[in-house]
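**Q** Sequence:
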Amino acid sequence: MVKTDGRVNTRPVDRSWVARKLREGFDPERIGVPSVSARLDGTYVWLDGQNRGALCRAAGHDEKAVNMKVFRGLSLEQEAELFLGLNDNRRVAPIYRFMAEYTAGRPEAVEIVGIATDQGWTISDGGAPNAIHAVAALSTVYRSSAETPGTTLRDVLRIVSESWGYSPEGVNAHLLLGLASVLNGETEAEIDHATLIRKLAAHGGGPSSILGKGRGLRDAMGCKVTEGVDQVIRGIYNSGRRGRSSRLETWNSRGSRRDPGQEKP
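Using the numbering used here, the first residue of the sequence shown is number 38, and each one after it goes up by one.
Hints in this document: simulated from the structure, not taken from any laboratory.
Just so you know, not all the hints are guaranteed correct.
Between beta-carbon pairs, the in silico distance windows are [stated by the list, open to error]:
1. L77 x E100: 24 to 30 Å
2. D125 x F63: 23 to 29 Å
3. G164 x H230: 16 to 22 Å
4. T154 x Y81: 27 to 33 Å
5. A257 x V107: 56 to 62 Å
6. E66 x D256: 48 to 54 Å
7. T232 x G157: 20 to 26 Å
8. G222 x R109: 48 to 54 Å
Straight-line C-alpha distance at most 20 Å; calculated EDC-like pairs for lysine to aspartate or glutamate [said to hold, decoys possible]:
9. K101 x D125
10. K58 x D78
11. K40 x E118
12. K40 x E145
13. K106 x D125
14. K40 x E100
15. K106 x D78
16. K106 x D85
17. K101 x D85
18. K106 x E66
19. K261 x D229
20. K261 x E206
21. K250 x E206
22. K236 x E206
23. K40 x D85
24. K250 x E286
All values derive from a computational prediction rather than experimental measurement.
Ideal Cβ placement from N, Cα and C applies to all residues, glycine included.
Please construct the entire structure, taking both the sequences and the accompanying hints into account.
**A** This is the structure in structure tokens:
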């Protein structure tokens, strides 16, 4: 029996696909040639084709022989790389692709997971309060500090954690990107992280309110939600601060606004 190792074939079985194929009528000739890895302990794990394997089981065909492409002598990292290669032209959700990249030992994924773990977060498709799903945003923020990749990501996750604890809304993609934009923005004022954390923590409604206001700016001004979140955070930080040198630039302080007619994302 072929098993699924979630570290390698990171996608769950697509039950809706299996049910649809059963309704269409099971045809063993259309199964193709799935790929598996034969491990030294005698087990076989899916590299590609686990949905087709689930279809065979659902159709009562699991005891019958199926042609498979078998890879032998692979390390866990090599198995994950093969999974990525075999699914390169398919729609794999970013979270599952990222998880496989981590298993494969790709440096960026490994470093991002390390930064998240250091701040008490886990990157997974699970529903735990400290689970981060927004892997595309994590990668963007990681790369945003070009000279020292990961610096901004570490700051963003620390600020989020210390402001709101482990809240799914706090690691929403728009909020992560908006906060990174504030930290990376060119401004005469040097951002005091302790002040920013204190003000974000005290902001009524927490991260959900900031996201809501960011979406409101998108609707009113035609900007991206991330840009709206950036402006909301700047406004929160500036509240009560006097003197231009201690305040962050905003659209209002620059005397310009985005064209309300600009296309929305």
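**Q** Evaluate each hint against the coordinates.
**A** Do the hints match the structure? See the list:
For L77 and E100, the hinted distance range of 24 to 30 Å is satisfied, since their beta carbons lie about 26 Å from each other. A hinted range of 23 to 29 Å holds for the C-beta pair D125 and F63, which are about 28 Å apart. Between G164 and H230 the beta carbons are some 30 Å apart, a value that contradicts the proposed interval 16 to 22 Å. Remark: the range hint 27 to 33 Å for T154 to Y81 is upheld by a beta-carbon distance near 31 Å.
Distance hint for A257 and V107: a CB-CB separation of about 58 Å, consistent with the stated range 56 to 62 Å. The supplied range of 48 to 54 Å is met by E66 and D256, whose beta-carbon atoms lie about 52 Å from each other. The supplied range of 20 to 26 Å is met by T232 and G157, whose beta-carbon atoms lie about 22 Å from each other. Hint check: G222 to R109, Cβ distance near 52 Å, so the stated range 48 to 54 Å holds.
Distance check on the hinted pair: K101 and D125 sit about 29 Å apart at the alpha-carbon level, beyond 20 Å; violated. For the proposed pair K58 and D78, the alpha carbon gap of about 33 Å is over 20 Å, so the pair is violated. This hinted pair checks out: K40 and E118 have alpha carbons roughly 18 Å apart, not beyond 20 Å. With a CA separation close to 28 Å, the supplied pair K40 and E145 exceeds the 20 Å bound.
A distance of roughly 18 Å separates the Cα atoms of K106 and D125; the hinted pair therefore holds under the 20 Å criterion. At roughly 15 Å between alpha-carbon atoms, K40 and E100 fall within 20 Å of each other, so this suggested pair holds. The hinted pair formed by K106 and D78 meets the criterion: a straight-line CA distance of about 18 Å does not exceed 20 Å. With a C-alpha separation of about 10 Å, the suggested pairing of K106 with D85 holds against the 20 Å cut-off.
With a C-alpha separation of about 19 Å, the suggested pairing of K101 with D85 holds against the 20 Å cut-off. For the hint linking K106 to E66, the alpha-carbon distance of about 16 Å falls within 20 Å, and the restraint holds. Note on K261 and D229: the hinted pairing is violated, with a Cα-Cα distance of about 26 Å set against a maximum of 20 Å. Distance hint between K261 and E206 is fulfilled; the C-alpha atoms sit about 18 Å from each other, no more than 20 Å.
A threshold of 20 Å between alpha carbons decides the hint, and for K250 with E206 the separation of about 13 Å falls inside it, so the pair holds. For the hint linking K236 to E206, the alpha-carbon distance of about 17 Å falls within 20 Å, and the restraint holds. A threshold of 20 Å between alpha carbons decides the hint, and for K40 with D85 the separation of about 12 Å falls inside it, so the pair holds. The hinted pair formed by K250 and E286 meets the criterion: a straight-line CA distance of about 18 Å does not exceed 20 Å.
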